[in-house]
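Trainee: Residue numbers (the numbering used here), protein chains in the order written: chain B, 6 to 342; chain R, 6 to 342; chain V, 6 to 342.
A few of these clues could be false.
One copy or two, it doesn't matter: identical chains are merged, so the pair holds either way.
Claimed, not checked - Derived lysine-lysine pairs resembling DSS-like cross-links, with alpha carbons at most 27 Å apart:
#1 K49 / K197
#2 K338 / K49
#3 K197 / K248
#4 K338 / K197
#5 K338 / K248
#6 K49 / K248
Because the hints were derived from the structure by calculation, they are not lab data.
All figures in this text were calculated on a predicted structure; none of them were measured in a lab.
Residues per chain, in single letters:
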Amino acid sequence: MTTLGELAQRFGLTLSGDPARQVSGLSTLVEAGPQDLTFLSNRKYLAALDDTRAAAVILQPEFAARCPVDSLHTDDPYLAFARLTALFDRAPLPAAGIDPRAVVDPSAEVDASASIGAGAVVEAGARIGPRTVVGANCHVGADCRLGPGTRLYPGVVLYHDVHLGEDCTVHSGAVLGADGFGFAPGPQGWEKIHQLGGVRIGDRVEIGAGTTIDRGALGHTVIADGVIIDNQVMIAHNCRIGKNTAIAGCVGLAGSTIIGENCTLAGGVGVVGHVELCDGVHVTGMTMVTRSITQPGSYSSGTPMEPTRQWRRNAVRFSQLERLNQRFADLEKTRHN
Amino acid sequence: MTTLGELAQRFGLTLSGDPARQVSGLSTLVEAGPQDLTFLSNRKYLAALDDTRAAAVILQPEFAARCPVDSLHTDDPYLAFARLTALFDRAPLPAAGIDPRAVVDPSAEVDASASIGAGAVVEAGARIGPRTVVGANCHVGADCRLGPGTRLYPGVVLYHDVHLGEDCTVHSGAVLGADGFGFAPGPQGWEKIHQLGGVRIGDRVEIGAGTTIDRGALGHTVIADGVIIDNQVMIAHNCRIGKNTAIAGCVGLAGSTIIGENCTLAGGVGVVGHVELCDGVHVTGMTMVTRSITQPGSYSSGTPMEPTRQWRRNAVRFSQLERLNQRFADLEKTRHN
Amino acid sequence: MTTLGELAQRFGLTLSGDPARQVSGLSTLVEAGPQDLTFLSNRKYLAALDDTRAAAVILQPEFAARCPVDSLHTDDPYLAFARLTALFDRAPLPAAGIDPRAVVDPSAEVDASASIGAGAVVEAGARIGPRTVVGANCHVGADCRLGPGTRLYPGVVLYHDVHLGEDCTVHSGAVLGADGFGFAPGPQGWEKIHQLGGVRIGDRVEIGAGTTIDRGALGHTVIADGVIIDNQVMIAHNCRIGKNTAIAGCVGLAGSTIIGENCTLAGGVGVVGHVELCDGVHVTGMTMVTRSITQPGSYSSGTPMEPTRQWRRNAVRFSQLERLNQRFADLEKTRHN
Numbered sequence: 006m007t008t009l010g011e012l013a014q015r016f017g018l019t020l021s022g023d024p025a026r027q028v029s030g031l032s033t034l035v036e037a038g039p040q041d042l043t044f045l046s047n048r049k050y051l052a053a054l055d056d057t058r059a060a061a062v063i064l065q066p067e068f069a070a071r072c073p074v075d076s077l078h079t080d081d082p083y084l085a086f087a088r089l090t091a092l093f094d095r096a097p098l099p100a101a102g103i104d105p106r107a108v109v110d111p112s113a114e115v116d117a118s119a120s121i122g123a124g125a126v127v128e129a130g131a132r133i134g135p136r137t138v139v140g141a142n143c144h145v146g147a148d149c150r151l152g153p154g155t156r157l158y159p160g161v162v163l164y165h166d167v168h169l170g171e172d173c174t175v176h177s178g179a180v181l182g183a184d185g186f187g188f189a190p191g192p193q194g195w196e197k198i199h200q201l202g203g204v205r206i207g208d209r210v211e212i213g214a215g216t217t218i219d220r221g222a223l224g225h226t227v228i229a230d231g232v233i234i235d236n237q238v239m240i241a242h243n244c245r246i247g248k249n250t251a252i253a254g255c256v257g258l259a260g261s262t263i264i265g266e267n268c269t270l271a272g273g274v275g276v277v278g279h280v281e282l283c284d285g286v287h288v289t290g291m292t293m294v295t296r297s298i299t300q301p302g303s304y305s306s307g308t309p310m311e312p313t314r315q316w317r318r319n320a321v322r323f324s325q326l327e328r329l330n331q332r333f334a335d336l337e338k339t340r341h342n
Numbered sequence: 006m007t008t009l010g011e012l013a014q015r016f017g018l019t020l021s022g023d024p025a026r027q028v029s030g031l032s033t034l035v036e037a038g039p040q041d042l043t044f045l046s047n048r049k050y051l052a053a054l055d056d057t058r059a060a061a062v063i064l065q066p067e068f069a070a071r072c073p074v075d076s077l078h079t080d081d082p083y084l085a086f087a088r089l090t091a092l093f094d095r096a097p098l099p100a101a102g103i104d105p106r107a108v109v110d111p112s113a114e115v116d117a118s119a120s121i122g123a124g125a126v127v128e129a130g131a132r133i134g135p136r137t138v139v140g141a142n143c144h145v146g147a148d149c150r151l152g153p154g155t156r157l158y159p160g161v162v163l164y165h166d167v168h169l170g171e172d173c174t175v176h177s178g179a180v181l182g183a184d185g186f187g188f189a190p191g192p193q194g195w196e197k198i199h200q201l202g203g204v205r206i207g208d209r210v211e212i213g214a215g216t217t218i219d220r221g222a223l224g225h226t227v228i229a230d231g232v233i234i235d236n237q238v239m240i241a242h243n244c245r246i247g248k249n250t251a252i253a254g255c256v257g258l259a260g261s262t263i264i265g266e267n268c269t270l271a272g273g274v275g276v277v278g279h280v281e282l283c284d285g286v287h288v289t290g291m292t293m294v295t296r297s298i299t300q301p302g303s304y305s306s307g308t309p310m311e312p313t314r315q316w317r318r319n320a321v322r323f324s325q326l327e328r329l330n331q332r333f334a335d336l337e338k339t340r341h342n
Numbered sequence: 006m007t008t009l010g011e012l013a014q015r016f017g018l019t020l021s022g023d024p025a026r027q028v029s030g031l032s033t034l035v036e037a038g039p040q041d042l043t044f045l046s047n048r049k050y051l052a053a054l055d056d057t058r059a060a061a062v063i064l065q066p067e068f069a070a071r072c073p074v075d076s077l078h079t080d081d082p083y084l085a086f087a088r089l090t091a092l093f094d095r096a097p098l099p100a101a102g103i104d105p106r107a108v109v110d111p112s113a114e115v116d117a118s119a120s121i122g123a124g125a126v127v128e129a130g131a132r133i134g135p136r137t138v139v140g141a142n143c144h145v146g147a148d149c150r151l152g153p154g155t156r157l158y159p160g161v162v163l164y165h166d167v168h169l170g171e172d173c174t175v176h177s178g179a180v181l182g183a184d185g186f187g188f189a190p191g192p193q194g195w196e197k198i199h200q201l202g203g204v205r206i207g208d209r210v211e212i213g214a215g216t217t218i219d220r221g222a223l224g225h226t227v228i229a230d231g232v233i234i235d236n237q238v239m240i241a242h243n244c245r246i247g248k249n250t251a252i253a254g255c256v257g258l259a260g261s262t263i264i265g266e267n268c269t270l271a272g273g274v275g276v277v278g279h280v281e282l283c284d285g286v287h288v289t290g291m292t293m294v295t296r297s298i299t300q301p302g303s304y305s306s307g308t309p310m311e312p313t314r315q316w317r318r319n320a321v322r323f324s325q326l327e328r329l330n331q332r333f334a335d336l337e338k339t340r341h342n
C-alpha cells in the first residue's frame, strides 16, 4: 500500500490528482480496480483509457486531459511501469545464511549475506558474493564465481569454472557449463573432445528457465553485460553474445557464433555455427540464419501460414521453382525472338 | 495377471472366446505372444491380424470373424486399449507421508495421504491435497496449491503462487511460474518488469518433461481443464490455453497468446505473441503462426524436404519470387497487347 | 605439464623438435602461447600457422616444413587433438562412495567404486556399475541399470526401467524415461495411455543438457551404441536411433521414428512420427522431415534468410505460387497455339 504522492516523488513522475490517494496493486487499463495503478504506453489503448476504473494512470502528459481519473505523467510510461513493478512484487526472498541441509565444500567462500538453500551443493573453490542467492537443490561447481546480488532459482546447475557477474538472475532448470558438443570422427566412431574452456557471464544478465549455455572447447563461452535470455534457449560452446542483446524463447545458437550488441533474436530463431551478426541486428521469429550479417536491420526467413490444403499446393510448387524459372526463361526468349 | 472374462466385465467389452484365458501383458499385433492382449484400431493393420499370436485382440465387431484368436469387441478399440494400459502399468507409486529428508515449511498444509519425496522443498503457505505426490527434489513455492491426486515427478520446480487442480501430472524438469520475459528499454539497457501474476492450471492437465510455463506479468497464465502438453514446450507469460487442447513437443507460444478449446498444435509449432486461435484449430508441425486464426481447420507453413542440392536451387528462386512475378506480369501484358 | 616426447610416445605421433619441451595447455593456432600445444586440421588456417607462437603444432606431415615451431605429425590432427584434450581436462571427478546425504534403497546394488552424490535418490532394484557416477540431486528410478563408467551429471532424472550401457555421459537437466505423449480421445476428453515400455541406451552414448528421451508405449525407446546427442533434443516414445548417429541441439523426433546408423541431424531439425531414415542420411539445420528417406545423402527444407522487407514480398508470392503456376501454364499454351 502506497500513495500517489509517494510514487510521484520516488519515481520522478508529475502527479495530477490527490497525493494521498492509496494504491495497492498494478493492473491493466481494462482490469484495474479503484485501488490499482495502471499505465497507457500505446496509443492503440486510448479507448480503454476513457473507461478505466483505476486509481490512477501513468501516461504521457499529452493524454492527461483525456484521463478520467488521477494521472502520473512521464515521457516513458512503460519504463515507469517497469520500475514500479518492483514495489508490488510479492515473490519471497530467501533469508541470508547457509541452510543446514546445503552441502558447502570447506574451501568455498560464501559471503555472510548470501543465501544457500536446502539441498544446494557448492563445490570446492567456489566463491559466492554478498546478497547472492543459491536456491534449493542448485549445484554450483568447483571454482565457480557468483557476483553480488546474483540469484539462482531452485534447481539451477552450474558445472565447474562458470563465472557470473553482479545482479544476474538464472531461472530454474537452466544448465550453465555443460560440455559443448565436440567430437572427432575416429576409426571406431565419435571420440569426445574434452571441453576445456569455461563460461563467462557479465553483470545484469537474465537467463530463462531450461536454458543451456555450454562451456567452451578451448576458450570460454562469453555473455556480455545486460544480455537478456528467455526460456529454453540453447547457446553452444564458444558463442559470444554482445551487450544488451535480447534472445527470446527457443532460440538455438550453434558453436562459435558471435552475436553483436543490441541485437534481438525473436522466438525459435536458429543460427548456424561460426557466423557473426553485427550490432543492431533484429531477426524475426523462427528465421534460419545461415550466414553472417554485416548490416544492421531486420532479417527473416520462412513462408506464411495458410490453410493446409492451400499450403500443400503452394509447397509442391516450391519444389518446382527452379524448373518453373527455366520454363519462364525459355518463354521470355521466345517472346524476344 | 488377469483373465479375458474379468477384462470384458471391467471394461464393458464383449468377449468372443474363453473367459478363463489368462493375459499378463499388452503388446502390438505383431509382437504379442500367447499371454499378451493386443488391439486392432486401424484397418491398415488388418494383414497383421491374420498372423497374430496374441491371447486375444480388442477389435470392432466387424473384424471378429477374421480374428484367428479370441477377441474382445468394442466400437472404439483404441480407447479400450488406452484404459487397459492402467492395469499393466508397473510404475512404482511413492508411499504416503513426508520423507524425513524433505523440507516442509511449518505453515504449509500437507494432506496426510500425500507423498513428499526426499529432498523436496515445500515453501510457506503451500497446500498439498489428498493423494498428491511431490517427487524427490521437487520445489513447491510459497502459496502454491496442488489439488487431489496431482503428481509432480522428481525435480519439478514450481515458483510461488502456482495452482494446479486435480489429477494433474507434471513430468521431471518442468518449471512452472518462472518470470515471464518482460523488460522495458531504459537509458542504460533493459529494465526488468517484475512478473506479478501467477499460474493457474485446471484439472487433469498433463505437462511434459522440460516444459516451461511462465507466470503472468499482471494477470495469470491460464491452462484450462484437460489440456495435454508434451515435452520441452514453452508457454510464455499470460498465455491462455482452452479446454482439451493438445500441444506436442517443442512448441513455443509467445506472450499473451490465446489458444482455443480442442485445438492441436503439432511438434515444433511457434506462435507469435498477442494473437488468438479460435476453437478447433489444428496446426501442422513446425508451422510459424504469425496472425490470429478465426476459422476452425488445419493450418500450415514451411517448404517440403528435398535433396539438399535440389533444395538449394529452389531456395535461391524463392528469394527471386517477387522479381519473377513482375517479369511474368510484364510478359502477360505483352501477350495481351 | 608434460613434454613433447611423452605426448609423441603416448599418442603415436612423430615428433619434429625438442622432446624435452614442456607444454601445459591446449589452445588455438592464433591464441596459443609458448607453453601451449595447438593443431592444424584445416588447410584454411594455414596462414595462422606462419605466425603461431605455440610450443608445438600437431599437423599432417606435408605441412611440417612450413611450421615455424616444433611439430607432431599424424594423418588426422583433429583426432589427435581430440584425444589429447583428455590430458588437459581439469573437470573434477567425484570420489567413489555413497554420500551420506544420498538416499539409496536397500534393494539397489551399488558397486563399491561407484560415486553417488549428495541428495541423489536411487530407487528399489536399481543397479549401479563400477566407476559409475551419479551426480548430486540425480534421481535413478526403480530397476534402472547404469553400466560401468557411465556418468550422470547433477540433476539428471531417470524414471524407472531405464538402462544405460558402459561409458555413457548424461548431462544435467536431461530426463530419461518420462511418459511418452500418448492419449486416446474419449467421450470426456483425452484419456491417458500408460506408457509401459522402458528406455534402452547402448554403450558410449552422450546425452546433452536438458534433453528428454521418453519411455516406450509398449516396447522400448532404443538408442544404439556410440550415438551422440546434443542439448535440448526431444526423442519421443518408441524412437530407435542407429549406431554412431549424431543429433545436434534442439532436434525433435516424434513418436516411433526410426533413424539409421551414421546419420547426422543438424540443429533444430524436426522429424514427424512413424517415418524411417535409412543409414547415412544427413539433414541440414531446421529441416522439417515429413516422410521416410530411403537413400543416403543430404536433405533440406526452408527458405533463405533475407532482409525482412524483401522477404515479406517474396513470402507473399509463395502463397500465390499455385496461381502463378496456372497463369504460367495458360501463357505457355497461348504460345504454342
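Trainee: Using 27 Å as the alpha-carbon threshold, which applies to K197 and K248: within, between, both, or neither?
Mentor: between (32 Å within a copy, 16 Å between copies)
Trainee: Within a copy, between copies, both or neither: where do K338 and K49 come within 27 Å Cα-Cα?
Mentor: Neither, since 52 Å and 43 Å both go past 27 Å.
Trainee: Within, between, both or neither: how does the pair K49, K248 come out at a Cα-Cα threshold of 27 Å?
Mentor: neither (31 Å within a copy, 30 Å between copies)
Trainee: Pop the pair K338 and K248 into one bin, within, between, both or neither, using alpha-carbon distances up to 27 Å.
Mentor: Intra 53 Å, inter 52 Å, cutoff 27 Å: neither.
Trainee: From the Cα coordinates, with 27 Å as the cut-off, is the pair K49 and K197 best called within, between, both, or neither?
Mentor: between (55 Å within a copy, 23 Å between copies)
Trainee: Tell me, please, which holds for K338 and K197 at an alpha-carbon limit of 27 Å: within, between, both or neither?
Mentor: neither (56 Å within a copy, 60 Å between copies)
Hint check: violations occur at hints 2, 4, 5 and 6; the rest are consistent with the structure.
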